[in-house]
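There are 2 protein chains.
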Amino acid sequence: MTIRGEENPMDRPDTDMHVMHARRVGIDTQYEAVVFIRKDSHVCRAEGFTAHTRIRVQHGRRAINATLYQVTSDFLHHDEAGLSEAAWRRLGLTDGDEIVVSHPPLVESLSSVRGKVYGRRFDEASLRGIVRDVVAGQYSDIYLSSLITACSARPLDLDEMTWLTRAMVDVGEVLQWPMRPVMDKHSVGGLPGNRTTPIVVAIVAACGLVIPKTSSRAITSPAGTADTMATMAPVDLDISAIRRVIEREGGCIVWGGAVRLSPADDILIRVERALDLDSEGQLVASVLSKKIAAGSTHLVVDLPVGPTAKVRTAETAAALTAGLVAVSKAFGLETRVLRTDGAQPVGRGIGPALEARDVLAVLQNHVAAPADLRDKSTMLAGALLELAGIAKEGQVLAVEVLRDGRAWRKFQRICEAQGGMRVPPQSCCRYAVPAAQAGRVTGINNRKIARVAKLAGAPDAKAAGLDLHVRLGDRVEIAQPLYTIHADAPGELDYALAYVQANSDILTVGDT
Amino acid sequence: MTIRGEENPMDRPDTDMHVMHARRVGIDTQYEAVVFIRKDSHVCRAEGFTAHTRIRVQHGRRAINATLYQVTSDFLHHDEAGLSEAAWRRLGLTDGDEIVVSHPPLVESLSSVRGKVYGRRFDEASLRGIVRDVVAGQYSDIYLSSLITACSARPLDLDEMTWLTRAMVDVGEVLQWPMRPVMDKHSVGGLPGNRTTPIVVAIVAACGLVIPKTSSRAITSPAGTADTMATMAPVDLDISAIRRVIEREGGCIVWGGAVRLSPADDILIRVERALDLDSEGQLVASVLSKKIAAGSTHLVVDLPVGPTAKVRTAETAAALTAGLVAVSKAFGLETRVLRTDGAQPVGRGIGPALEARDVLAVLQNHVAAPADLRDKSTMLAGALLELAGIAKEGQVLAVEVLRDGRAWRKFQRICEAQGGMRVPPQSCCRYAVPAAQAGRVTGINNRKIARVAKLAGAPDAKAAGLDLHVRLGDRVEIAQPLYTIHADAPGELDYALAYVQANSDILTVGDT
Numbered sequence: 007m008t009i010r011g012e013e014n015p016m017d018r019p020d021t022d023m024h025v026m027h028a029r030r031v032g033i034d035t036q037y038e039a040v041v042f043i044r045k046d047s048h049v050c051r052a053e054g055f056t057a058h059t060r061i062r063v064q065h066g067r068r069a070i071n072a073t074l075y076q077v078t079s080d081f082l083h084h085d086e087a088g089l090s091e092a093a094w095r096r097l098g099l100t101d102g103d104e105i106v107v108s109h110p111p112l113v114e115s116l117s118s119v120r121g122k123v124y125g126r127r128f129d130e131a132s133l134r135g136i137v138r139d140v141v142a143g144q145y146s147d148i149y150l151s152s153l154i155t156a157c158s159a160r161p162l163d164l165d166e167m168t169w170l171t172r173a174m175v176d177v178g179e180v181l182q183w184p185m186r187p188v189m190d191k192h193s194v195g196g197l198p199g200n201r202t203t204p205i206v207v208a209i210v211a212a213c214g215l216v217i218p219k220t221s222s223r224a225i226t227s228p229a230g231t232a233d234t235m236a237t238m239a240p241v242d243l244d245i246s247a248i249r250r251v252i253e254r255e256g257g258c259i260v261w262g263g264a265v266r267l268s269p270a271d272d273i274l275i276r277v278e279r280a281l282d283l284d285s286e287g288q289l290v291a292s293v294l295s296k297k298i299a300a301g302s303t304h305l306v307v308d309l310p311v312g313p314t315a316k317v318r319t320a321e322t323a324a325a326l327t328a329g330l331v332a333v334s335k336a337f338g339l340e341t342r343v344l345r346t347d348g349a350q351p352v353g354r355g356i357g358p359a360l361e362a363r364d365v366l367a368v369l370q371n372h373v374a375a376p377a378d379l380r381d382k383s384t385m386l387a388g389a390l391l392e393l394a395g396i397a398k399e400g401q402v403l404a405v406e407v408l409r410d411g412r413a414w415r416k417f418q419r420i421c422e423a424q425g426g427m428r429v430p431p432q433s434c435c436r437y438a439v440p441a442a443q444a445g446r447v448t449g450i451n452n453r454k455i456a457r458v459a460k461l462a463g464a465p466d467a468k469a470a471g472l473d474l475h476v477r478l479g480d481r482v483e484i485a486q487p488l489y490t491i492h493a494d495a496p497g498e499l500d501y502a503l504a505y506v507q508a509n510s511d512i513l514t515v516g517d518t
Numbered sequence: 007m008t009i010r011g012e013e014n015p016m017d018r019p020d021t022d023m024h025v026m027h028a029r030r031v032g033i034d035t036q037y038e039a040v041v042f043i044r045k046d047s048h049v050c051r052a053e054g055f056t057a058h059t060r061i062r063v064q065h066g067r068r069a070i071n072a073t074l075y076q077v078t079s080d081f082l083h084h085d086e087a088g089l090s091e092a093a094w095r096r097l098g099l100t101d102g103d104e105i106v107v108s109h110p111p112l113v114e115s116l117s118s119v120r121g122k123v124y125g126r127r128f129d130e131a132s133l134r135g136i137v138r139d140v141v142a143g144q145y146s147d148i149y150l151s152s153l154i155t156a157c158s159a160r161p162l163d164l165d166e167m168t169w170l171t172r173a174m175v176d177v178g179e180v181l182q183w184p185m186r187p188v189m190d191k192h193s194v195g196g197l198p199g200n201r202t203t204p205i206v207v208a209i210v211a212a213c214g215l216v217i218p219k220t221s222s223r224a225i226t227s228p229a230g231t232a233d234t235m236a237t238m239a240p241v242d243l244d245i246s247a248i249r250r251v252i253e254r255e256g257g258c259i260v261w262g263g264a265v266r267l268s269p270a271d272d273i274l275i276r277v278e279r280a281l282d283l284d285s286e287g288q289l290v291a292s293v294l295s296k297k298i299a300a301g302s303t304h305l306v307v308d309l310p311v312g313p314t315a316k317v318r319t320a321e322t323a324a325a326l327t328a329g330l331v332a333v334s335k336a337f338g339l340e341t342r343v344l345r346t347d348g349a350q351p352v353g354r355g356i357g358p359a360l361e362a363r364d365v366l367a368v369l370q371n372h373v374a375a376p377a378d379l380r381d382k383s384t385m386l387a388g389a390l391l392e393l394a395g396i397a398k399e400g401q402v403l404a405v406e407v408l409r410d411g412r413a414w415r416k417f418q419r420i421c422e423a424q425g426g427m428r429v430p431p432q433s434c435c436r437y438a439v440p441a442a443q444a445g446r447v448t449g450i451n452n453r454k455i456a457r458v459a460k461l462a463g464a465p466d467a468k469a470a471g472l473d474l475h476v477r478l479g480d481r482v483e484i485a486q487p488l489y490t491i492h493a494d495a496p497g498e499l500d501y502a503l504a505y506v507q508a509n510s511d512i513l514t515v516g517d518t
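Just so you know, the protein sequences line up as chains X and Z, in that order.
Add 6 to the 1-based position in the first sequence for the working numbering, that's all there is to it.
Add 6 to the 1-based position in the second sequence for the working numbering, that's all there is to it.
Hints are not guaranteed to be accurate.
Copies of the same chain are indistinguishable here, so a pair counts whether it falls within one copy or spans any two.
[Claimed, not checked] Below, computed lysine to any residue pairings styled on SDA-like, alpha-carbon distance capped at 20 Å:
| no. | residue 1 | residue 2 |
| --- | --- | --- |
| 1 | K45 | A467 |
| 2 | K45 | D129 |
| 3 | K454 | V106 |
| 4 | K398 | I275 |
| 5 | K45 | W261 |
| 6 | K398 | C434 |
| 7 | K45 | Q418 |
| 8 | K45 | R29 |
| 9 | K45 | G497 |
| 10 | K335 | P487 |
| 11 | K454 | R436 |
| 12 | K335 | R67 |
| 13 | K45 | A485 |
| 14 | K454 | G135 |
| 15 | K454 | I225 |
| 16 | K45 | I396 |
| 17 | K398 | D103 |
| 18 | K454 | A328 |
| 19 | K398 | H65 |
| 20 | K454 | Q418 |
| 21 | K454 | R186 |
| 22 | K335 | A504 |
| 23 | K454 | H109 |
Since the hints were made in silico from the structure, they are not lab data.
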């Protein structure tokens with residue numbers, strides 16, 4: 007049932023415009039546009055603005071909707087409007103610029119969100135409208151939260167998932183490639199160390215396939231692929247630079263942020279994380295919109311399942327796989343989903359430089375290279391080779407290309423093409439965490455291990471993080487080092503240690 | 007299906023505490039607690055806080071969860087934390103106080119909200135937990151929005167409504183009265199001028215019944231009952247003062263804000279308005295929690311239904327009536343819901359003093375008193391008299407008590423008991439809006455009429471608002487005044503006029 011509130015935006019009038027002077031107050035509210043205006047200002051009294059109402063702010067031909075916070079102190083003048091960084095960027099302001107403040111026009115798409123809440127199915131047009139308004143910054147966090155909650159409470163069917171994905175693709179940039187096939191891979195997050203991408207790209211490209219891989223920086227994890235890769239080569243390439251690298255080497259590993267692929271996803275994912283709500287439909291649209299926008303034709307998805315991974319049950323994994331495959335088909339994208347072991351981190355290093363060291367060890371065929379990282383990388387690469395139809399036994403070919411050095415040579419050439427190979431930095435402060443008792447390693451908490459690496463400074467401190475010396479099932483003696491924490495400053499080492507001392511279940515050793 | 011995000015609060019560690027100095031930055035964010043800290047501060051780097059994350063702030067034995075905004079300018083020192091007014095109040099701070107900042111503990115009740123989103127029914131304990139955390143300020147607007155959306159997408163059944171109502175009652179103050187019955191009335195909002203309460207209370211109290219009426223001030227309307235009453239007598243009475251008035255006169259009309267009845271409602275209603283989501287369950291719990299907390303035993307609800315009223319259809323009205331009656335029963339509250347005409351405002355004046363003038367005209371039996379206000383007031387009072395069992399034909403008795411002056415004398419005594427009767431102020435600036443053509447009045451838009459009154463300065467300017475000279479169906483000649491705008495300043499009159507000129511459908515006159 008619907009009862010209209012008095013604040014119904016449909017009743018918002020277009021009243022007078024008020025000219026104010028923009029002031030950069032240097033407040034980071036992430037994506038939400040916030041405007042600070044004195045409570046006793048003319049505009050607040052005249053327009054009846056109250057704290058937390060949405061207002062329209064225009065500068066030249068640009069306009070945004072923003073959330074109003076009222077200032078009761080005098081850190082602003084009566085004719086000044088302080089803008090958050092997000093609002094400042096979107097309006098392209100310089101201090102003192104004249105801006106026009108007024109009541110916001112109706113955000114049309116909110117009525118479809120309300121409809122969804124009450125059980126009405128989205129149609130394609132309404133999802134387009136919603137995504138357009140989200141990217142235009144018309145949605146406050148309250149609206150974003152309602153949208154995400156509605157999509158979880160009233161799950162999207164396959165059509166809605168497909169329309170949402172298409173809408174998210176269309177509001178961003180779309181890359182096109184003259185050649186076919188265009189390979190891609192994606193790992194569903196939550197598993198520290200899982201740095202297979204550079205190895206997979208090197209192998210696949212060494213086999214003559216095209217794989218223009220755009221990766222993300224860490225948001226809540228100790229390292230994203232882009233952070234790790236950045237310790238070995240430049241990753242901030244624009245589209246034309248990416249094209250040059252692909253034409254020369256067939257593969258690249260770059261930061262996706264420089265290319266505006268599926269910008270809506272970047273906005274939604276933040277609120278999804280805060281709510282800890284992440285529906286099948288949202289995850290499918292989030293993953294596939296970026297891949298489709300990147301111009302991929304063949305995709306392998308690494309789906310780690312484990313008690314402390316992002317996906318925790320077989321049912322969840324099955325539902326997600328079904329959604330990914332079905333929606334991919336609608337876009338002519340060939341997708342294979344591989345369910346992998348998410349019980350513990352992959353490789354030894356966690357943190358940009360430490361993960362890069364593992365990647366290089368695998369590519370250089372070091373005897374000491376982590377076997378799990380090598381095996382998982384060749385498995386994923388093998389799946390891509392099979393998907394492209396250039397191998398029956400993909401992993402066999404992948405192992406061969408890795409062993410005979412072709413992958414390593416290709417990786418070096420890719421780094422050169424991206425701007426020159428770099429040597430990952432090394433940490434100055436280290437501490438080896440000893441086993442409190444003898445026994446077998448019975449559990450490794452992915453989330454807490456990641457937390458230790460972050461407290462030690464990762465990903466901002468490239469060399470920071472930690473180095474795992476044991477894996478599940480290993481037998482350890484008392485006082486034997488379980489993992490070594492790496493940091494760039496003694497203070498950060500202390501933070502990680504304080505957390506380690508306060509949490510006994512980061513890495514559990516059971517009696518035997 | 008549930009996929010856990012990396013930000014899963016259950017994994018939030020209890021890391022070190024950081025001592026900072028509190029600074030009042032004078033920023034009004036309504037209920038949401040916001041803390042401003044430098045991005046390059048020690049605490050942000052050490053704890054890995056990013057903008058928009060929730061943090062814990064402690065001062066002495068008080069602690070709140072707040073939303074973090076990061077400051078990239080130097081209007082704060084590295085060891086300073088700027089707090090919004092809401093956070094400042096809740097922590098009871100004075101400038102420079104030492105506060106401790108840390109990661110917030112898990113907000114347990116969020117998991118029940120998540121469960122509701124995925125279709126799990128609330129149980130009584132989970133609703134208690136949610137309401138407790140909401141009142142404690144543990145819910146950011148993102149969480150509140152998710153809760154409200156979930157309750158609309160997964161409608162509450164009668165048990166859930168009852169539990170929610172009880173939880174909302176229990177977190178606030180509860181009034182108890184030695185006498186029975188304790189009468190009460192409520193009008194579902196959205197209808198300008200609908201100021202029946204002072205008249206109803208006067209009639210009912212004059213008949214010897216107890217009716218301790220607490221009313222609200224306007225939030226988005228041009229006047230609340232408390233605003234109107236405040237122009238005739240003091241309304242800011244504390245509980246003991248209310249008791250004295252009731253013991254002496256049996257009735258009162260006071261502001262509920264001085265008494266903390268159902269504080270959760272005040273927090274939820276704000277986000278419901280912003281979302282324009284207002285489910286049956288939320289409205290039932292909102293209305294009844296306040297009445298039950300006020301110690302009422304018999305309640306009459308005025309439910310205006312009309313195209314521009316809050317409730318617009320007969321179906322909505324029926325569902326709402328069923329919920330109100332059923333939940334009332336669970337609390338032993340005798341409730342009768344009267345569906346009334348919500349097609350146009352009630353009375354002539356809209357705005358505190360202008361509505362007070364109408365109220366006094368009815369109580370004093372002026373020949374010119376608005377008949378609709380008199381009839382509706384005696385109808386509601388009559389229903390209460392019948393509900394209390396002291397009259398078969400309630401309205402007949404109500405009319406009699408009004409006509410013979412008993413109601414007027416009772417009202418004067420109530421005003422005296424509340425602190426002394428006052429004369430409502432008069433406006434200095436007026437403008438009569440003329441009919442643009444001859445014909446019949448075919449429509450009056452409640453929301454836009456309210457908007458005109460607000461732009462003219464109501465409710466802050468007590469004398470401001472407007473005076474309706476015509477009603478639906480009236481025949482008007484060209485240039486005949488339709489309504490007069492009242493303001494305290496020429497500027498405010500101009501704002502209202504600008505809006506009137508821009509909106510032709512505030513009051514529509516059709517050809518005949």
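Hint check results:
1. K45 with A467: between (42 Å within a copy, 16 Å between copies)
2. K45 with D129: neither (41 Å within a copy, 42 Å between copies)
3. K454 with V106: neither (48 Å within a copy, 23 Å between copies)
4. K398 with I275: neither (37 Å within a copy, 62 Å between copies)
5. K45 with W261: neither (43 Å within a copy, 24 Å between copies)
6. K398 with C434: neither (47 Å within a copy, 90 Å between copies)
7. K45 with Q418: neither (59 Å within a copy, 37 Å between copies)
8. K45 with R29: Both: 16 Å inside a copy, 19 Å across copies.
9. K45 with G497: Answer is between; shortest inter-copy Cα gap is 18 Å, intra-copy 42 Å.
10. K335 with P487: This pair counts as neither: shortest intra-copy Cα distance 48 Å, inter-copy 66 Å.
11. K454 with R436: within (18 Å within a copy, 68 Å between copies)
12. K335 with R67: neither (40 Å within a copy, 58 Å between copies)
13. K45 with A485: Answer is neither: 62 Å inside a copy and 39 Å across each miss the 20 Å cutoff.
14. K454 with G135: neither (40 Å within a copy, 27 Å between copies)
15. K454 with I225: Result: close within a single copy only, 16 Å intra versus 45 Å inter.
16. K45 with I396: For K45 and I396, neither the intra-copy (67 Å) nor the inter-copy (50 Å) Cα distance is at most 20 Å.
17. K398 with D103: Intra 63 Å, inter 70 Å, cutoff 20 Å: neither.
18. K454 with A328: neither (30 Å within a copy, 50 Å between copies)
19. K398 with H65: Intra 59 Å, inter 66 Å, cutoff 20 Å: neither.
20. K454 with Q418: This pair counts as neither: shortest intra-copy Cα distance 34 Å, inter-copy 68 Å.
21. K454 with R186: neither (42 Å within a copy, 59 Å between copies)
22. K335 with A504: neither (49 Å within a copy, 55 Å between copies)
23. K454 with H109: This pair counts as between: shortest inter-copy Cα distance 14 Å, intra-copy 46 Å.
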